[in-house]
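**Student:** So you can see what is in the structure, the chains are spelled out below.
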Amino acid sequence: MNSVMTMDEVITITNNFLVEEFEVDMASIKPAAPVKETLELDSLDYVDLVVLIDTHFGFKVQQQDFKGIVTFQDFYNFLHQRVK
Amino acid sequence: MAEWQGQSRGTPLGYKIFLFLLNRVGVRAAYLLLLPVSLYYVLFVPKATKAIYYYFHNRLKYSPIRALLRTRLNFYVFGQTIIDKFAIMGGMKSAYSYEFEGEEHLVDMANNTGGILIGAHLGNWDIASQLLNRLSKPFNIVMYENELENMKKLFEQALKDKKIKIIAIKQDLSHVFEIKKAFDNKELICFHGDRFLDGSKFIEANFLGEKAKFPHGPFYLASKFKMPYTFVYAMKEPALHYHLYATKGKVHQGTIDELVADYVIHLEQKVKTYPLQWFNYYQFWAS
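Residue numbers (my numbering), protein chains in the order written: chain B, -8 to 75; chain U, 1345 to 1631.
Keep in mind that a hint or two might mislead.
Unchecked claim - Now the in silico label distances, taken between C-beta atoms and shown as ranges:
hint, chain 1, residue 1, chain 2, residue 2, range
1, U, K1391, B, E12, 37 to 45 Å
2, B, D65, U, F1364, 49 to 57 Å
3, U, E1489, B, E28, 15 to 23 Å
4, B, E12, U, E1612, 27 to 35 Å
5, B, E12, U, Y1384, 47 to 55 Å
6, U, N1529, B, E14, 26 to 34 Å
Said to hold, decoys possible - Result set (DSSO-like, lysine-lysine): computed pairs, CA atoms no more than 30 Å apart in a straight line:
hint, chain 1, residue 1, chain 2, residue 2
7, B, K21, U, K1530
8, U, K1514, B, K27
9, B, K51, U, K1391
10, U, K1570, B, K27
11, B, K51, U, K1568
12, B, K51, U, K1545
13, U, K1568, U, K1509
14, U, K1524, B, K51
15, U, K1555, B, K21
16, U, K1391, U, K1555
As the list claims (entries may be wrong) - If you want the ones that stay clear, here's a sample from chain U, every Cβ over 10 Å from chain B, calculated:
hint, residue
17, Y1384
18, A1439
19, D1516
20, K1530
21, E1531
For the record, the hints were derived by calculation from the structure and aren't laboratory data.
Idealized CB from N, CA, C, for every residue including glycine.
Just need the whole structure built from these sequences, with the hints factored in.
**Tutor:** Given below as structure tokens:
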């Protein structure tokens, strides 16, 4: 997996897999929108999210990583921080 | 409201009284205590009584009188399954006899791919979990945290040193990582396929002639991760006998709705064979 990614690349990859896997409209994914509500994440859907992050970004998410992620911008920041 | 409210009835003190009786007088004598207890529940837990009466009368089409009598009997049998569970956990496994239809499917999954076991609040699932700890791989049971609240300490003690692990669904998402780890290790993961909490995603399906809601999560995981799945039941039969069933492991290729429909077909078959062992004490159907 590429170890250096720009924020734009992170956003593109993330939005693409979210649209495909969680069946949401691209238009509903906005930086300030809440991740959980927008994707309608159930308690078990997070398993899928963890696997998708591993697959697309090549690192394993830890339990504490989800703390503080509320909006898509938080999510992008977290991912970018791990792969930049 | 068709959602389960996230709380199972019963207290640690109540269970301890049963455990005391079991040790002192045995299983059958403990069953006798259930006669007044089951009547108490019918009379003083109206929501549960109404839900089970609805199941017998409206869904299984029993006459009012028969439905009422079966409702009382349902509480009685439910009490028996609780006694059986604690008797077996407490080391009285040999007091019971067992037959296991399809155990080879679970052995195959345990030894090779891992998989998802989907049960129901039908029969005595906890008995199955106690018996399945002889499989070669650790055995994970996913439950809502509230479901365990009252019995958590008792469960932890009973499950000590065994290969069973309970994964509680929690707000802190710790369950996500435990489930992922179990997937990675190709372990068996068990879910109930018939309950969801208010606010959780659900899938509607026609069950016994009326729309009912089923949890999205277990079916989503089985479908998404292409894990082999099997439907598992442990049904109580007369004379301290249990009949366990596991369907052949399948990897689902269709939609989640199709997977739920498959589950419902099997569930209906078992409900019709063992009508007294439906233990969802809340309004299960949409109406």
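**Student:** Go ahead and decide if the range 27 to 35 Å is satisfied by the Cβ distance of E12 of chain B to E1612 of chain U.
**Tutor:** Given a distance of about 31 Å, which is inside 27 to 35 Å, the answer is holds.
**Student:** Is the Cβ of E1531 of chain U more than 10 Å away from each Cβ in chain B?
**Tutor:** Consistent with the label, E1531 of chain U stays out of reach of chain B, its closest Cβ about 14 Å off (over 10 Å).
**Student:** Given the hint of 49 to 57 Å, is the C-beta distance from D65 of chain B to F1364 of chain U inside that range or not?
**Tutor:** 53 Å, holds
**Student:** Is the hinted range of 15 to 23 Å satisfied by the C-beta distance from E1489 of chain U to E28 of chain B?
**Tutor:** 22 Å, holds
**Student:** Confirm or reject the statement that A1439 of chain U sits farther than 10 Å, beta carbon to beta carbon, from all of chain B.
**Tutor:** With a cut-off of 10 Å, A1439 of chain U remains clear of chain B, as the shortest Cβ separation is near 37 Å.
**Student:** Does K1391 of chain U pair with K1555 of chain U here, judged by a C-alpha cut-off of 30 Å?
**Tutor:** Given that 30 Å is the threshold and the Cα spacing comes to 20 Å, the pair holds.
**Student:** Take a quick look at whether K51 of chain B and K1568 of chain U sit within 30 Å of each other, Cα to Cα.
**Tutor:** Distance of about 19 Å is within 30 Å: holds.
**Student:** Has the given pair, K1555 of chain U with K21 of chain B, been kept, meaning a C-alpha gap of at most 30 Å?
**Tutor:** Cα-Cα ~35 Å, so violated.
**Student:** For the range 47 to 55 Å, tell me whether the beta carbons of E12 of chain B and Y1384 of chain U fit it or not.
**Tutor:** 49 Å, holds
**Student:** Given the hinted pair K51 of chain B and K1545 of chain U, is their alpha-carbon gap at most 30 Å?
**Tutor:** 26 Å, holds
**Student:** Run the distance test for K1524 of chain U versus K51 of chain B: straight-line Cα separation, threshold 30 Å.
**Tutor:** 11 Å, holds
**Student:** Checking one constraint from the list: CA of K1570 of chain U to CA of K27 of chain B, max 30 Å. Satisfied?
**Tutor:** Holds. K1570 of chain U to K27 of chain B sits at ~24 Å (cutoff 30 Å).
In summary, the structure is inconsistent with hints 7, 9, 15, 19 from the numbered list given earlier, while agreeing with the others.
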